[in-house]
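If you want this note's numbering, it's the 1-based position in the sequence shown plus 749.
Just so you know, the hints here were simulated from the structure itself, not pulled from any lab data.
What you are looking at is a predicted structure, and each value in this text was computed from that prediction instead of being measured.
Honestly, I wouldn't trust all of these hints.
Here are the simulated EDC-like pairs of lysine to aspartate or glutamate, each with C-alpha atoms no more than 20 Å apart in a straight line [stated by the list, open to error]: (1) LYS804 - ASP785; (2) LYS776 - GLU755; (3) LYS804 - GLU764; (4) LYS776 - GLU820; (5) LYS921 - ASP847; (6) LYS868 - GLU802; (7) LYS804 - ASP845; (8) LYS921 - GLU774; (9) LYS921 - ASP845; (10) LYS804 - GLU820; (11) LYS776 - GLU860; (12) LYS921 - GLU846; (13) LYS804 - GLU846; (14) LYS804 - ASP835; (15) LYS804 - ASP864; (16) LYS804 - GLU789; (17) LYS868 - GLU789.
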Amino acid sequence: MPRLTEASSQARRDEIVAAAIRVMERKGLTRTAIADISAESGLSTGSIYSHFESKAQIALYAANTVIGAREANIAAAGAASRSPRDLVAGFLRGFDEDGTPASVVLQMWAEASIDPEMKQLITHIVGRIRRAYEEALGPWVAEHPGTDSADLSLHMVALAQGYIVQRAFGVKATFEEYCAGLRGVLGGESVA
């Protein structure tokens, strides 16, 4: 059997994770087994184990892939507009564009509440997202004296998390509709 290059090995890991996410969406994170991922991907369990040591490692890789990839969405939104609202909308738009199931993201957060390794990873990813927001907010904060980008990034993450939870439970509102509802609850412009 020919040896996989790093690029083909990476492609295979991504293929395995995509299959795992599809199964997790149907069966849930805890009820997903390697055999399910094997059946979904069409790969042997041996092939899967040659790329990942365990289902837990696949789940960690998936979390880093689906949640961590949103940093690119922040940078892209920041290139067009640096308002907090536009940055959060760009972040969330990525979930719709790549088809990331909100229910799987929510399951990963739930797993982080009981699994120290997942908690460490999710905490690290959220920290990276906050730093990406803070960096993209620089010019906007400069135009709005008295605004603290670190504090604002915390609330931007919370806003995105709320939207993802709503989507996981089947609410089909767009981000714009979600923001309009928040303005109604909070009164006035809540996120700029």
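Here is how each hint holds up against the structure:
no. : hint            : in the structure
1   : LYS804 - ASP785 : 11 Å, holds
2   : LYS776 - GLU755 : 31 Å, violated
3   : LYS804 - GLU764 : 14 Å, holds
4   : LYS776 - GLU820 : 28 Å, violated
5   : LYS921 - ASP847 : 16 Å, holds
6   : LYS868 - GLU802 : 19 Å, holds
7   : LYS804 - ASP845 : 25 Å, violated
8   : LYS921 - GLU774 : 17 Å, holds
9   : LYS921 - ASP845 : 11 Å, holds
10  : LYS804 - GLU820 : 25 Å, violated
11  : LYS776 - GLU860 : 15 Å, holds
12  : LYS921 - GLU846 : 15 Å, holds
13  : LYS804 - GLU846 : 26 Å, violated
14  : LYS804 - ASP835 : 36 Å, violated
15  : LYS804 - ASP864 : 13 Å, holds
16  : LYS804 - GLU789 : 14 Å, holds
17  : LYS868 - GLU789 : 27 Å, violated
Violated hints, listed in ascending order, are 2, 4, 7, 10, 13, 14 and 17; each of the other numbered hints is respected by the structure.
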